[in-house]
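Engineer: Take a look at the letters that make up each chain.
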Amino acid sequence: MESMADLELVARAQRGESPAFDALMLRYQTRVSNMVYRYVEDRDVASDLVQDIFVKIYTHLKRFKGESSFSTWLFRIAANDCIDHIRRQKTRKETSLELISEYGFDPADPRDESVDERLIEAADHQMVRLAIRQLDADQKMVLVMKVYEEMTFEDIAAALALPLSTVKSRLYKALEHVGRQVRRRQLIERIGT
Amino acid sequence: MKHLDEAQLIDIAFGAPPDAHLDTCDSCRERLATLHVGLHAVKQVKRDPVPLGPPVTARAIRMRRWRFAGWAAAAALVIASLSGLQVSLSAEGFSVKFATWGGESSSDEALQIRLQETENQIVKALELHAQVLQMQVDDRFNAIYAENAQQLKELSRQMENNLQSVDYQNGVMIASLRDDMHSFIEAERLKGKLP
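These protein sequences, in sequence, are chains A and B.
Counting in the working numbering, the first sequence runs from 1 upward without gaps.
Counting in the working numbering, the second sequence runs from 194 upward without gaps.
Hints are computed from structural coordinates only; laboratory data are not their basis.
Misleading hints may appear alongside valid ones.
What the hints assert, rightly or not - Only pairs whose alpha carbons sit at most 20 Å apart, straight line, appear in this in silico EDC-like list of lysine to aspartate or glutamate:
#  : chain 1 : residue 1 : chain 2 : residue 2
1  : B       : Lys236    : A       : Asp138
2  : B       : Lys195    : B       : Glu223
3  : B       : Lys236    : A       : Asp42
4  : B       : Lys236    : A       : Asp124
5  : A       : Lys173    : B       : Glu199
6  : B       : Lys236    : A       : Glu176
7  : B       : Lys236    : A       : Glu41
8  : A       : Lys173    : B       : Asp331
9  : B       : Lys236    : A       : Asp81
10 : A       : Lys173    : B       : Glu223
11 : A       : Lys62     : A       : Asp42
A quick note: this is a predicted structure, and the numbers were derived from the prediction, not measured.
Given these sequences and hints, build the entire structure.
Structural biologist: Structure (structure tokens):
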């Protein structure tokens, strides 16, 4: 099974062969999980979303006609689910809880002596994460697919059903936003010292 | 002067050869520098550990769908019982009667029978749901056992490789020791210290 091409496994899974479906999922679970986690930045939410995505793939697999590659089709479902999730999410977590979650420790805890050193490094990462979080859902998806999942522009365009120029434009806006935030912070630090 | 567009700058940021326009245009160089800063910053936070859930299998997905079917069946049975739906099968065929509480019969005895039937239906529904839950638990355990078995297999393979490696090293050392001993004996023999 492991050496079979995607389309052959898909054909078998469409005929109801569970081991073929399992082999497909084994092949893509890590990549899909990575992408979803990078996108939603929450382990529990990512876990639930990944389960939902695979249920959808299982349910809709019979409709897959091979017009695109299986991975493109799968990432399209995953991307749409992630974007829908972010758009549905109207309430935000409390900032203090968010900070603890982001830093991995409580910056206000006086018992932690190494907090200063950790804080400097963590604050940089935190700032970048916040900048990424400020992106709109579509820009963030392109950023995650390109930078974190290292997909080609062509694959991203196919998965999101977008023209290549739109993909690049969204990535430009995303990186420009993060770049500006970082430069602004660097400037403030320079003035401060 | 025509500036580089967003797509061109993105291509350059991701490794395409720089355009000659950049040599003469401060504005485009600045835009590209901002992209590089953004890209570098984003890459810095990319290597956090990513959690991976249990393997997704067709069986697990089917079970997940059954969970909802189990609840739906249980709810349907309870609603049918409470609303007085009676399904009966006789030699003449299959029939369904419907009556709201007390609508079909007003006697206490009939009401008692209905209540008993309702209770039985609820028990059946709960049993059905318990069975579905049990199947889900079994499935989860099976997945954990399968994962553990895989890990044990991997550990066993690694140990076997290590043992083979140690075995090989021992063989080499024994052979080397034996050669040393032969050399020593031969040297001693030549010196006449050994017969």
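Engineer: Next step is simple, just say for each hint if it's right about the structure.
Structural biologist: Cross-check of the supplied hints:
no.	hint	in the structure
1	B:Lys236 - A:Asp138	19 Å, holds
2	B:Lys195 - B:Glu223	15 Å, holds
3	B:Lys236 - A:Asp42	19 Å, holds
4	B:Lys236 - A:Asp124	12 Å, holds
5	A:Lys173 - B:Glu199	8 Å, holds
6	B:Lys236 - A:Glu176	14 Å, holds
7	B:Lys236 - A:Glu41	15 Å, holds
8	A:Lys173 - B:Asp331	49 Å, violated
9	B:Lys236 - A:Asp81	24 Å, violated
10	A:Lys173 - B:Glu223	14 Å, holds
11	A:Lys62 - A:Asp42	31 Å, violated
Of the numbered hints stated above, those contradicted by the structure are hints 8, 9, 11, listed in ascending order.
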